[in-house]
Amino acid sequence: MGVARYIRDEKDAIKEVIYQSGIRVKPVYGPQDLEEVGFDYGSDLGDPGEFPFTRSLHPQGYRSRAWTTRQYTGFGTPRETNERFRYMIAHGQTGLNVAFDLPTQMGLDSDDPQAEGEVGRVGMAVDSLRDFEIAFEGIPFDRIGSGLTINANASVMLAMYQAVAEKFGYKKESISATPQNDILKEMIGRGAWIFPVEPAVRLVGDTIEYAMKELPRCNPVSICGYHIRESGATPVQEIACAFEIARSYIENVTARGIEPGAFVGRFSFNFNVYGNLWEQVAKFRAARKLWARMLREEYGITEKKKLFLRGLFGGGGSGMTKQQPENNIMRGAYYALAAALGGAQTTALCSFDEAYTIPTPRAALLSLRTLEMLMDEIGLRDTVDPLAGSYFIETLTKQMEDKIRAEMDRIRAMGGMIQAVATGAIQREVARQAYEFEKALQNKEAIKVGVNKYTEGDEPEVELHAYNEAWAEKQIAALKELRRTRDNREVGRTLKQLEQVTRDGKNVMPALVECCRAYATVGEMTGVFREVFGRWQEPSLF
Amino acid sequence: MADKKIRILIAKPDLDGHDRGAKVVALALRDAGMEVIYSGLHQSIDQILTTAMQEAVDVIGLSIMTGGHLTICRKLFARMKEEGLDHVHVVVGGVIPKQDVPKLEEMGARGVFPGGTPFSEIVAGIQALFEPETV
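Top to bottom, those sequences are chains A and B. When we follow our numbering, the leftmost residue of the first sequence carries the number 17, and every step to the right adds one. When we follow our numbering, the leftmost residue of the second sequence carries the number 10, and every step to the right adds one.
No lab work stands behind these hints: they were computed from the structure. Note that CB positions come from ideal geometry on N, CA and C, so glycine has one too. None of the hints are false.
Simulated coverage check for chain B against chain A, where a stretch passes if three residues somewhere in it have a Cβ under 8 Å from a Cβ of chain A:
(1) 28 to 41
(2) 44 to 57
(3) 76 to 85
(4) 116 to 125
Every beta carbon over 10 Å from chain B, so not counted as near; a handful from chain A, in silico:
(5) V19
(6) R102
(7) A349
Bound conformation, chain A alone (with noise of 0.2 Å):
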C-alpha cells in the first residue's frame, strides 16, 4: 500500500521516518544538507526544459500545456466501452487508455473454453479488428491518442489499432498509440504473459522497429515500473527495475544493427503515485535526470527530445482501500497532487471503488475532475516545478537518485534483467518487499487510514459497476457471425504467412497487420506464436 514506516515514542511524538526506499528523513533541512550531498543547480537541475531535466522536460511546464488525462477504461462488448469512451472525452478528457479483458490479453478468443466468465469482466473484449471498429467509431485518431493495455500479444493490438485508423481513412504516419507491450513488468507483476522470455522480447522488439520505421507517432512500448511497484516493490526499485528493463529492450534492438538513437525517444514509462508524497515527488524528479543520464552516457544520444522520460504518472491501485471506499476519493486527489508536483506529462487516476471492481461513470468522472481541478483550479500551472530549491526535495530528489543508480548495478551484477526474470530473482524479492510492508501495516508501523487506524465497523454500501453475462453472450454471438461471414481462405493465407515470418525469425508486423485486415480473431494470431514460441514456465519462488 506504500507507506512510510513511523516509529513513534509513547507521546505519539515521531521519532524515526523511514520511506519505502529506505531513506530516514530528519526533522529539519538546511543549507548544509545540500552540501552534503553535494547539490549543485547546473548539473542537478538546470532550468526546466534543459539537460538533465530534473524540473521538466518543457521550460515552462504545465503553462505550455496541462497534462493529458486518459483514464484507463474498458468493459463489456466493444459497444459499451465505446460508449463510456465518448463519455469521458466529452467531460474533457484528453487521451484514450484502453482496458482489455483478460481473455484477450491472453490471446483467447472469447468462445475460448478458458475464457469463461471472464470475457468483458476487466476490459473490453476483443476478437478481431470488427470489434475496433465498434470501440473506435467516433474517436477523432489524429486528435485523440490511445494507450493499449496489453503486453504478451500487443504486437497484434498495435497491427489491429493501424488497420482499424486506415479503415477509417487516417493515415499510418498520423495515428498515435501506446500499446503497453512490457512482458518483462508483466512476468514480474500483472502476469498476463504467454510465451517465454525471449521470444516474448523479440515480439517487443519488433514492435519498436515497425514504429520506428512505419508509425512514427506511436510509442511502441510503455515500460510500467508502476505494476512492479503495485507487486510491492519500493519507489526505488519501480524505477531501477523499469530502466533496466529499457535496457534490455533497447539491446534487443541493437542487436539488429539500429542505432539507439532511431527508437529510444519514442520509449515511454509508466510510473506509480501512491504513498508518501514527498518519496513520490523525488522519485519522478530524480527518474527524468537517470534516464537523460543513461541515454547520453551510456548511448551516446545528444540530441534533447530523445532524452526525453515521457510518460503517464499515475493509477495508484494499490493504495486504494476496500475500506471506507469515499475515503479513496480524497487519497487520489493527494495522489494527483504527487503527480502534478512531479511534473507528470500524461496522467490517470484509479477511482474510488476499484478496490473492489472497475469503475463506475461516476467514479470515472471524479476521478477525472480531479484531474481537472488540479490544473483549472488550485494552481498547478502557474509555475514550473514549484517544490525546486527546497532544502527538503532536492536532498531527497540526490538520495533517491543515488538509490536507484545503486539498484540498477545490483541487477546488472544479477547479469542483467532478463536473466533476474528468468530465474525468478526479483520476483522473490518483490514479494519479500510485499509481505514486510503487509507486516508492517498489520502491526501499525505503517499507517492507513480506515485500514488501521480511524477503523469503522462496517463498510458503507457503495454503488459498484456490476458485470453483465449477456455481455459474453453477444460478444460470442457476434464472433460465430463473424467465422461465418469473413474470407476465411484469406484468414487461411495470411495466418499462414505470419507463421512462416515468426518461425524465420523476421519481424512480425507487417504480417500481423495483414491478419488484422482478414480479420483473423486475436486467438488465431496469438494462436500462431504460441504454437512457434511455446508457453513460459514460471520459475519457482517458494
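Guided by the hints, dock chain B onto chain A, whose structure is given.
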C-alpha cells in the same frame, strides 16, 4: 493433526495474474509453520486439483481478484466431488464482496478471507479446520 504440519496449496485459478496477495499470504502461512505450495499463474481447475492430489495437500487456498470467484468456485467444487476430493478443505481470498461470502460458504468454502484480512485471522481460520471438535 497436532504434530503434523498443515499442507496448503495456494492457487491462482484461470487467467488473472494479480498474485501479490497470493504470494504474501503464502509467505505468512509459511512463517506460521505450514507447508506451502504455490501453484503459479493461469492454472485451470483441473491443474489445481492435480497439483493438490500430487502434493497431498490438506487445504486449497484460492486467490481470486477478478470478480469471477462464484463461477470458479462452482466449477471447483463440482470437480472435487467428481474426483472424490471432498476431504480437502477449500478457503478463498481476494477481492470478494461481502454479499458473496455466504454464497461461497454455501458452496463449500471453509473460510473466506477478503483482501485486508489480518494474517493472524487467516492462520487461525485454517488451523481451526484441524482442531478436534469440542462437544
